[in-house]
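Participant: One letter stands for each residue in the lines below.
Number of protein chains: 6
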Amino acid sequence: VSEASRSASETAALLVEALPHIRRFADSVVVVKYGGSTIGNTQGAPDGGLASFAQDIALVRSVGLRPVVVHGGGPQIGAMMQRLGKVAEFRNGLRVTDAETLDIARMVLVGKVNREIVAAINVHGALAVGLSGEDANLIQAAQRDDDLGFVGDVVGVDTTMLTNLLDQHLVPVVATVGTDAAGQSYNINADTAAGAIAEALVAEKLIFLTDVEGIRADPDVPGSLLHELSAAELDGLVASRVASGGMVPKAQACARAVRAGVAGAHILDGRVPHALLVELFTDGGVGTMVRP
Amino acid sequence: VSEASRSASETAALLVEALPHIRRFADSVVVVKYGGSTIGNTQGAPDGGLASFAQDIALVRSVGLRPVVVHGGGPQIGAMMQRLGKVAEFRNGLRVTDAETLDIARMVLVGKVNREIVAAINVHGALAVGLSGEDANLIQAAQRDDDLGFVGDVVGVDTTMLTNLLDQHLVPVVATVGTDAAGQSYNINADTAAGAIAEALVAEKLIFLTDVEGIRADPDVPGSLLHELSAAELDGLVASRVASGGMVPKAQACARAVRAGVAGAHILDGRVPHALLVELFTDGGVGTMVRP
Amino acid sequence: VSEASRSASETAALLVEALPHIRRFADSVVVVKYGGSTIGNTQGAPDGGLASFAQDIALVRSVGLRPVVVHGGGPQIGAMMQRLGKVAEFRNGLRVTDAETLDIARMVLVGKVNREIVAAINVHGALAVGLSGEDANLIQAAQRDDDLGFVGDVVGVDTTMLTNLLDQHLVPVVATVGTDAAGQSYNINADTAAGAIAEALVAEKLIFLTDVEGIRADPDVPGSLLHELSAAELDGLVASRVASGGMVPKAQACARAVRAGVAGAHILDGRVPHALLVELFTDGGVGTMVRP
Amino acid sequence: VSEASRSASETAALLVEALPHIRRFADSVVVVKYGGSTIGNTQGAPDGGLASFAQDIALVRSVGLRPVVVHGGGPQIGAMMQRLGKVAEFRNGLRVTDAETLDIARMVLVGKVNREIVAAINVHGALAVGLSGEDANLIQAAQRDDDLGFVGDVVGVDTTMLTNLLDQHLVPVVATVGTDAAGQSYNINADTAAGAIAEALVAEKLIFLTDVEGIRADPDVPGSLLHELSAAELDGLVASRVASGGMVPKAQACARAVRAGVAGAHILDGRVPHALLVELFTDGGVGTMVRP
Amino acid sequence: VSEASRSASETAALLVEALPHIRRFADSVVVVKYGGSTIGNTQGAPDGGLASFAQDIALVRSVGLRPVVVHGGGPQIGAMMQRLGKVAEFRNGLRVTDAETLDIARMVLVGKVNREIVAAINVHGALAVGLSGEDANLIQAAQRDDDLGFVGDVVGVDTTMLTNLLDQHLVPVVATVGTDAAGQSYNINADTAAGAIAEALVAEKLIFLTDVEGIRADPDVPGSLLHELSAAELDGLVASRVASGGMVPKAQACARAVRAGVAGAHILDGRVPHALLVELFTDGGVGTMVRP
Amino acid sequence: VSEASRSASETAALLVEALPHIRRFADSVVVVKYGGSTIGNTQGAPDGGLASFAQDIALVRSVGLRPVVVHGGGPQIGAMMQRLGKVAEFRNGLRVTDAETLDIARMVLVGKVNREIVAAINVHGALAVGLSGEDANLIQAAQRDDDLGFVGDVVGVDTTMLTNLLDQHLVPVVATVGTDAAGQSYNINADTAAGAIAEALVAEKLIFLTDVEGIRADPDVPGSLLHELSAAELDGLVASRVASGGMVPKAQACARAVRAGVAGAHILDGRVPHALLVELFTDGGVGTMVRP
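Chains as they are written, first to last, in this note's numbering: chain A, 1364 to 1655; chain B, 1364 to 1655; chain C, 1364 to 1655; chain D, 1364 to 1655; chain E, 1364 to 1655; chain F, 1364 to 1655.
Warning: the hint list may mix true and false statements.
[Claimed, not checked] Derived, one-sided and incomplete: chain B residues facing chain C with beta-carbon distance under 7 Å:
1. 1462
2. 1465
3. 1473
4. 1474
5. 1475
6. 1489
7. 1492
8. 1493
9. 1498
10. 1532
11. 1544
12. 1634
If you are wondering where the hints come from, they were derived from the structure by calculation, not from laboratory data. The C-beta atom is built at its ideal place from N, Cα and C for all residues, glycine as well.
Looking at chain A on its own, in the form it has when it is part of the complex (with noise of 0.2 Å):
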């Protein structure tokens, strides 16, 4: 879209409107959750949309906001284990995490899923750093459930290092593994992580950038978007099984965050391009918002 399709006086309008929300959020901390069934995914990207993620990171970034990325790499760490011909572990009907498949879960998070979001960051600068949950005691684990393996709940988060990224302006891109005091790690759900993320740095704004429009009054309805929420009401849609599969941790991590004080929590469509921008930085805002 050029600038001679908008009037001057569209131009104008817009600006005026966007402008107080850039001031509001100025040096505010925005965490985005980045889905692993996002990439790949977005409208009409041959990139399935990492750039256009990258470009909306580095674009909030540089006008002062202060992103930290989290994101998660299920499908992928999936089809590494089947090229690795290792079959999938269960217990009492629960899928296993034994010490192989960790270690394959954090070469791919770490090594090649986290990779890929900060190089496609840095396209735009030197302005990412990945790490992982291991890195200077970020994400302190403890395991769920001895069945389950190597899986972890998160239990603290220390928020020294990430601060010393922000401040330096840069932006933090973290793979969710986390270590208990023993040095043992647990693979932790990336939604959760996001959460305790956003709660101890007392973000701004928690981002769940998903593969569908929002919450639905009812899932099967296009049109019954909940263009925003309390925190109640969205624990009664968990407990109803309006919200179910995998927005349960979504919308868990977003009640909790509105309540430890983040300002406010959205779960967006991140196939619809620059829907960041568009969420941010205009009075109307996409998908749907839980408030305190």
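Chains B, C, D, E and F: place on chain A using the hints.
Facilitator: This is chains B, C, D, E and F only, laid out in the frame that chain A set:
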């Protein structure tokens, strides 16, 4: 213009266009000359455009730029002279600023026009501070010609005070009265003073908000606006009298400023609402730009 | 008076007396109210004492004190009103400040009286900066009485700007125009404003330079000067109308300031040359001192 | 060895010897290259020596030195290649790093070897942070030879991030993957990268922990260890092929580093427990030292 | 003892033992009382051990500790008294410090003993600064008993000067003369003063270097050294007169210091070379340690 | 002298005269040599003037100057020598400072005279700190002549410690004992040392308080005091022996200091009460001034 009237993708495109400009100008000093005749002359604004101008100044400051406003007040001084029954004196065909005229000019500039601009900006917060060039040695002047009385030329600018106010995120609003070493005050051409201040601050931009659309190749032909000029080309236009009258000090200030390190000088139509924002934050720009 | 006329031991004795005062007041804020009627009234000074006052301010600043000058300008406003043929309006027997009167008052105070004081001080260096109470939220006002028009009471003082100027070793010179939240300006009694500024800065001293010798036990008896009073005693003098007329706002400002933490408030005879120096730097003092 | 086996005077003598070394190296940067083949090879250590190495790094940091660990991972990459059934490709007799090989190498280096070293150090506290040379522009690379694929040479090192981590008393652990300006990653020889980082930081020492005892005058004669060499003598040993194979990049990195201002470069036997401590903190030293 | 006489593994083991102690004590304040009778009494040292003591102080400072030396000088004062033919005076059986005795004591402590210790340390660089407790209010004293003359008790310690010297990495060497508010000086017991200074600085350690091996369960039985005591146990030893004579003020200072927050107090045999180093930097320690 | 004996206008005149001097010397370093023979010699002071001198030092410090006191103690050393029955030794007709003499001199200077000056100043607060030139490398000395024993010349001054004390607003009081690189102490002429310290600090003023009124054109003619001299004229007076005896090192120190950047050097009559104040803070000055 509500957001509804723009498609999401147009909005996204404008944000992608505007954000790099905002980033580029962060912490940049922008000296804006606001002409006495511009006040009361903006299209369709019942208050003559002062409120819209003040909003623009507040907005550019809010996203990190450091605006300095320099203003004149010729029409307002003339009106007060007339009201006090003071008749203009001429010597060798030139208007003379005698002691009483200077006293009236200073009273109107510092005590009236400056106050009104400060008040309009401060509707948006405690942002603006009115200054006379006499304060803390700001504008150092010398008498131009004994026959003309207290008309002065700028011989030095002490930016300490301006820099300090800018560091506090305040907006200096400068009435262009200067003093010499003996403490005598002089009336200073506001266009020239704005240029000298931009030079001394090594501003990023020097912007004249006027009541014309810019510099034209032929002053009488509306479609002949010159979008971009070098300092040398501008000198030519002055020599050939294409630029004449009140445009001469503006043109000379622009040419001198860009030669002294100011990155760009602009002559815009201050009657167009938000011309300042559109100039600063879009690729296109409006009016005439002078490059080094 | 040349040094020759003093013996060396007298000189030594005065130095031993004065130095501890200078030490004690280092970095202390001293708010000096300089009355409009004091200008032009000092004994034997052809320029009416302004130059001598300016030298004192420059000297006390030079040895580390932090003076703030607050001034009025009643006689000067009256003269301009008369010149413009503006007739004073009365309602219920009280003088009314209509919009035009306010405009004239502001023009004279900010554009004329303030300028002259700033210029007189700046003969000694780039020391003084003229301010209106409208700058950067300095004096926050509210309308006193709808019938009186734009006469305001002080409801708040934002000292940020004053403190910043003082930290740069500059001398703020304040014209007492205030604004309300809506941006409307009001004329403020300069004595009251001086007291409010001294309170807000928790000044060491508040000094009124007037055209009388201080407060007398009997206003008509020259030898009845009261050298020292408590705030309570001062309240009594106001109640019993011993202090009356223009002395009332001064007395009230003194009593209120010392109750709010200002260490001492003084009413001095500004017509005596260097009264400010003698008051500050000798054991004796001149005029009336109000203690907490 | 318990303290009982040392006499008090021997203890005192060693302390008197060691303390000046500790003082001398306070705040000194020491770049330690930890070879992929060293892992698992220390004498009598069931875990192959990684824990002992990690303890040494934690100890030298604890007394004020600023260690930077650079590591390789050749054997570990080879094992994963084999496991994934990836056959090495050769062109003109040289091994080729195609895109898939680079992907695997990066995954193993950043996602596995780097992680294990970080984890071993962090047993002693939240001390280590894993980095790829791709992070924040750390290792800037250029392709060596189009035929060899994604094998890169170091063309620049941005130490901002390293310096910042060191200032926080953290230990950077660097996997030697670099990027070019276009964002393409390359595999970098870890010995060369360690040398380049030591040069860029103007480190006090560059130390290679290898699986040989140092450089020998005759590689096949155990007693011929060279204790100290100049850079020029080292050049001679490379030219005469006394230093050959994997020793060549180490020797070249040592010679270049001492010429660029690094005070001393060392090639030590990483299989000897605590070789790093004995080298740094006693008069004697072990292995081969290269002086400017 | 050359390094050759130690095996490499013994060396490594001692370093692994010593480094954590060095780390632990970095920036810690250590107050060392150096007794007048210790000077000239170290085993086998021709200069009586002062040089060895000075080297230890320089070494502990060099690795980041912050030593403060407090000294007495009883024997040296006695010698000067005798030389000047001054006969000790007694009142009620106690020795009296008259004005002349105080003058001599101060001259010897400040002008002789203090100077010799400072000089011995400064052989290692410009490290030590001699102080009297009279300087900058360091030791505030009160007269103990009118009959005893100018013998004082410590009633306050102003650590400003000590802290400032320590921050410059200088070693304060304190002669224990104190003053009262009227400026009268007093002779202060050096053991008591050392304890009071350790308390005021909340030192990590208070160490007495004496001419005995520590506190014994039976003062006459060499093998009965008590290695570790609580403050309460120490009180018992004083009450039961197991600790007696010159050991009493040391014991009381130790007990009081550990109760006031000093982490450990030690009584060591200053005649053993480098006893200070072995105590601080090995697991074993020597002499008697008092714990809170 | 009470204030009553001065008219208000005389007081005002002196303040107007003194304040600019106080301003000019703010933060200026003033090195004051206080002679051993001056102590006990001030007109009409029962304590010999030490208290009055101490008050002056406290006062000049209180108004922002940075005084450094340097003192001698010849008479006091002589008295102690005599008391100890130490007979002066001569070699080649010159007095010899043997080891014992040095020991006594140091004891008296550092342990007695220095202490008394410090104590007198500290009556006014915790202001003064006694130093020996041996502390922290302050006065670096070399032996003048092997035959004269431990008499030293100044070869260097390390001002770190002085500057640091001055920055804490403390008054260093320096006894002029120096040391060489080997740690040997020497007795140093106090006039010479004062000059060297003033040079090293690039002091504003170097002031000698002596027991004469200054330098006279004819030493025997009271009215022949020279008020102002150039360094060259002073050289001439020394060459022609008009300045002789103890005046020679003072004259040489003055001449050298002003050539090295000290703005003014003065020789005053220390017996006149408050001579220091009158010299510093009035236009006139007393005694002899040496200009560059």
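Participant: Each hint should be assessed against the structure and marked as holding or not.
Facilitator: Now the hints, each set against the structure:
1. Taking 7 Å as the C-beta contact cut-off toward chain C, the hint placing residue 1462 (chain B) at the interface is violated, the least distance being around 13 Å.
2. Taken as an interface hint, residue 1465 (chain B) does not check out: its beta carbon lies about 11 Å from the nearest beta carbon of chain C, beyond 7 Å.
3. Hint status for residue 1473 (chain B) relative to chain C: holds, with the closest Cβ pair at about 4 Å, below 7 Å.
4. Contact between residue 1474 (chain B) and chain C, as hinted, is supported at the beta carbon level, the nearest pair being about 2 Å apart and thus within 7 Å.
5. Because the smallest distance between the Cβ of residue 1475 (chain B) and any Cβ of chain C comes to about 5 Å, under 7 Å, the interface hint for this residue holds.
6. Evaluation of the residue 1489 (chain B) hint against chain C yields a held restraint, the C-beta minimum of about 3 Å falling below 7 Å.
7. With its C-beta approaching chain C no nearer than about 4 Å, residue 1492 (chain B) sits inside the 7 Å limit, and its interface hint holds.
8. Here the hint on residue 1493 (chain B) is kept, as its CB sits about 6 Å from the closest CB of chain C, short of 7 Å.
9. This hint holds: residue 1498 (chain B) has a C-beta 4 Å from the nearest C-beta of chain C, less than the 7 Å allowed.
10. For residue 1532 (chain B), the suggested interface contact is broken, since its CB lies about 10 Å from the closest CB of chain C, more than 7 Å.
11. The beta carbon of residue 1544 (chain B) is not positioned within 7 Å of any beta carbon in chain C (closest approach about 10 Å), and the interface hint is therefore violated.
12. Here the hint on residue 1634 (chain B) is broken, as its CB sits about 23 Å from the closest CB of chain C, past 7 Å.
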